[in-house]
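Visitor: If you want the building blocks of each chain, they are given just below.
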Amino acid sequence: MAERRLKAAEELTWRDLEVGNVITDAGNACLRRTGDWRAEKPVIDKEKCNKCGLCWLYCPDGAIRALEDGYYEPDLFYCKGCGICAKVCPKEAVTMIEEEEV
Amino acid sequence: MQGEFIKFGKNLVSMKEYLAPGHNFCTGCGEALAIRLTCKALGENTIIAMATGCDEVCTTPLPVTSWRLPWLHTLFENAGAEISGAEAGLTTLMRKGKVPQRDIKFVAMAGDGGTSDIGLQSLSGAIERGHNFLYVCWDNEAYMNTGIQRSSATPYGASTTTAPAGKVSIGQKTRKKNMVEVCVAHGIPYAASACPSYPFDLMNKIRKGAEVKGPAYVHILSVCPTGWRSPSNLTIEIGRLAVETGVFPLYEVENGHYKLNVDRPKLKPAEEYLRVQGRFRHLSPSDMQEIQERVNVEYARLKSRVACS
Amino acid sequence: MSRRVALEASHAVAEAVRMAGVDVVAAYPITPQTHIPERLAEMVANGELDAAYIPVESEHSAMSACLGASAVGARTFTTTAGQGLELMHEVVYVASSMRYPVVMAICNRALSAPISVWADHSDVMAVRDTSWIQVFCQNNQEAFDMTLWAFRVGEDPEVLFPVMVHLDGFTLSHVTEPLFLPEQSEVDEFLPEFSYRLALNPDRPTTHGALGFPSIYTETKVAQEVAFRKSKGKVIQGWQEFGDSFGRCYLPVEPYKAEGAEVLLLTMGSLGETAKMAIDMKRSNGEPVGLINLRLWRPFPFEELRQAVRGASTLVVFDRCISFGGPGGPVCSEIRSALYDEEARPRVAGLVGALGGRDMSVRDFEFVIDRGREIAEKGSDEIFELVGVRGEVSGIRG
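Chains as they are written, first to last, in this note's numbering: chain A, 1 to 102; chain B, 1 to 309; chain C, 1 to 398.
Just chain A, same shape as in the assembly:
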């Protein structure tokens, strides 16, 4: 992730705004931790996984990372815990477990 800070709306003064309120930092939503939303998180069993990539394909949040070795892992920074990946996995290699209490 790029080293950049996302200012909350409350931190901005009227002078900080671009003309017409245009946002020029494309995709800065990537700095928001939507992983805070979830009650469950996916765990991928590499023994069962056949690297088909369907979990990556079907994730509405793009919260599955493709790894160099061809396997996949959940990106817990964004994962909202919807459980779609567990449902679509043809090898039942993905299990949803309860998120721990902090």
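None of these hints come from the bench; they were simulated from the model. Ideal Cβ positions, reconstructed from N, Cα and C, are used throughout, including at glycine. Where hints are given, some of them may not hold.
What the hints assert, rightly or not - Partial chain B-side listing against chain A, Cβ under 7 Å, derived: (1) Ala20; (2) His23; (3) Gly43; (4) Pro63; (5) Ser66; (6) Ser232; (7) Asn233; (8) His257.
Said to hold, decoys possible - Below, in silico cross-link-like pairs of lysine to any residue (SDA-like), each with a Cα-Cα straight-line distance of 25 Å or less: (9) Lys87(A) x Lys96(B); (10) Lys87(A) x Lys10(B); (11) Lys98(B) x Ser195(C); (12) Lys51(A) x Lys96(B); (13) Lys7(B) x Pro90(A); (14) Lys213(B) x Lys230(C); (15) Lys10(B) x Gly53(A); (16) Lys87(A) x Phe8(B); (17) Lys16(B) x Val43(A); (18) Lys51(A) x Lys213(B); (19) Lys10(B) x Glu73(A); (20) Lys7(A) x Ala227(C); (21) Lys10(B) x Glu68(A); (22) Lys98(B) x Ala45(C); (23) Lys268(B) x Arg15(A); (24) Lys7(B) x Glu73(A); (25) Lys98(B) x Asn46(C); (26) Lys213(B) x Val182(B); (27) Lys232(C) x Arg15(A); (28) Lys87(A) x Val182(B); (29) Lys96(B) x Glu193(C); (30) Lys10(B) x Leu54(A); (31) Lys87(A) x Glu298(B); (32) Lys46(A) x Glu237(B); (33) Lys213(B) x Asp50(C); (34) Lys46(A) x Lys266(B); (35) Lys91(A) x Glu237(B); (36) Lys266(B) x Val43(A); (37) Lys48(A) x Ile6(B); (38) Lys48(A) x Glu237(B); (39) Lys230(C) x Glu68(A); (40) Lys96(B) x Lys232(C).
Using the hints provided, position chains B and C relative to the given structure of chain A.
Guide: Only chains B and C this time, still in chain A's reference frame:
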């Protein structure tokens, strides 16, 4: 994996996330997936004009944006008119030599409300004028963003907040408006239905629509766990059931020539699709039967159009 | 070397749009504006204007298409009147708050109901607060000049606000008068290319039109207001530069025979020329009266107005619109407000007339001045009085 693509059989899917994660779509949102896949199919030489709706609200809370593509939103009912202006404007600037020539895809995006209701006029005008653009409708079958109010895309018998099921009402009393047919009636070069449960079919149709010279329309069924009252992990399954029961057939119409993309010798009963969703919970067996008969009639009609093509 | 031609005011506007080398015209026809889009369509069809002419299916789509065109950096023009302006109302606000420098000529038309296609300023007053730069034209020369100037000012990188050019429907839009047209080379020198640094471009993806939560909406509006107020300086500078280029100087507030006037009449738009004849008549009888032509409506020229009326004992404001249940004429109430804190200020009287295309003669304006002076001295039972209405009026009370 192949560099910046992931290979699924003969399909190459871009690894680029043009819709940056960190957005506000609900858990398990079918529309979010549809947008993600659509943008992968479009690529970076795209300009998007989007209408007010889940798509816009969940992706751009000032000063945050999920968009890694040039993106414009103004109002609810004018995606068709906006994209007309952008397409005509940039095409003219290129023709006059004021900006370099390049191949840019002009894409309007809107929900079912911003398409079949309040946005119908501007879509119709844009198609009639023959602008070179693709219009994509995310159909979650109600005004979901503002609290699940009915639209003309809400299916018969569904309960919404402005057409709720009640003691003397079945919920939606009217039939779903068929936007693909409305566009075909305009003589559109390309129109299609799609669903993210069939991701490669969806991405192929997006690519096709974007490459067509002139207007094109793709209507995408977007399962909404929040509004449809379904478990968030069943989004893909429910989309598949919509197709496998014939409730939402996947088809394309190229210059009036119909083609059914997914067919089966025997459709699954519509009830299998309806029963998984809380918005149909109130339906009686005879309501289900009525819906099944309607599905049979419409599917047969579609098949006859395919046969005549 | 400019040439003198006779053109209908609508065609003068179209000619200015053509000479400005506009890229996109998106317009929907509505009486009494139709001659403008028709002339532009003809120009495009004959290859005289190299622009995209988008025959949109409604005024709402006209302004929406303009937003799309402006967002990609195209020089954009539209035109409408009355009900059309009302139909695009929500989009008008968006154009200015998103800072797209669309230029729009409005052939002012009375608002329904009853349906009227004739001139008054009710359509103007409905868009008062929309944060568009707004100017009025009195004649064909001004219709041409203001349209041309509008692109220059609106597109200035330090301005980036859309501009409305108001011309009275039929009584100005359909009138043929002589005017001077500049050479194309002179126009090209005056008007630089539109260069929008935030234009939609795949090389630099930007997001236009994000959602404004309560935590930020206020700041967006303050930023807009500050920039809008600041644009007044550029408006005046633009007119000065216009004068340098073409020899015709325009001001936000233009006095006519106001030197030593005890009674001033304020008008906006083409009726000002008829009113000037009334001033001439009275001056020839030795009456110390004068006219103030309010050219710049928004951003409102407070300083210039106060300066212009300082010496007079009475200011009569003529409105072409009623603010129902309110203080009467919108212009009059704004001017009263503008003068309220002045230590020395004229008494202000407001009359309303020329609604829905009702004609005003020179004699009618003489009456306006006389009656206005009477009201200022002795007061009136009514909050405002209407000129030329049949039937005794009472009941316009607080």
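Visitor: Is it true that the CA of Lys87(A) sits at most 25 Å from the CA of Phe8(B)?
Guide: holds, 18 Å
Visitor: Under the criterion that the straight-line Cα-Cα distance not exceed 25 Å, is the pair Lys87(A), Lys10(B) satisfied?
Guide: Holds - the C-alpha atoms of Lys10(B) and Lys87(A) are around 24 Å apart, at most 25 Å.
Visitor: Hey, Lys268(B) versus Arg15(A), does the alpha-carbon distance stay inside 25 Å?
Guide: Violated, at about 59 Å.
Visitor: Holds or violated: are the alpha carbons of Lys46(A) and Glu237(B) at most 25 Å from each other?
Guide: Measuring from Cα to Cα gives roughly 24 Å; hence the hint holds.
Visitor: Given a cut of 7 Å on the nearest C-beta pair, is the interface hint for Ser66(B) held or broken against chain A?
Guide: holds, 4 Å
Visitor: Given the hinted pair Lys230(C) and Glu68(A), is their alpha-carbon gap at most 25 Å?
Guide: violated, 55 Å
Visitor: Sort out whether Gly53(A) lies within 25 Å of Lys10(B), counting only the CA atoms.
Guide: Satisfied, since the Cα-Cα distance of roughly 14 Å is no more than 25 Å.
Visitor: Need the status of pair Lys266(B), Val43(A): alpha-carbon distance at most 25 Å?
Guide: Given pair Lys266(B), Val43(A) is violated - Cα atoms ~37 Å apart, limit 25 Å.
Visitor: Measure nothing beyond the straight line between the CA atoms of Lys7(A) and Ala227(C); if it is 25 Å or shorter, mark the hint as holding.
Guide: Holds, at roughly 23 Å.
Visitor: Given the hinted pair Lys51(A) and Lys96(B), is their Cα-Cα distance within 25 Å?
Guide: Given pair Lys51(A), Lys96(B) is violated - Cα atoms ~50 Å apart, limit 25 Å.
Visitor: Between Lys98(B) and Ala45(C), is the straight-line Cα distance small enough, at 25 Å or below?
Guide: holds, 21 Å
Visitor: Given the hinted pair Lys48(A) and Glu237(B), is their Cα-Cα distance within 25 Å?
Guide: holds, 22 Å
Checked against the numbered hints above, the structure breaks hints 3, 8, 9, 12, 14, 18, 23, 28, 31, 34, 36, 39 and 40 and satisfies the rest.
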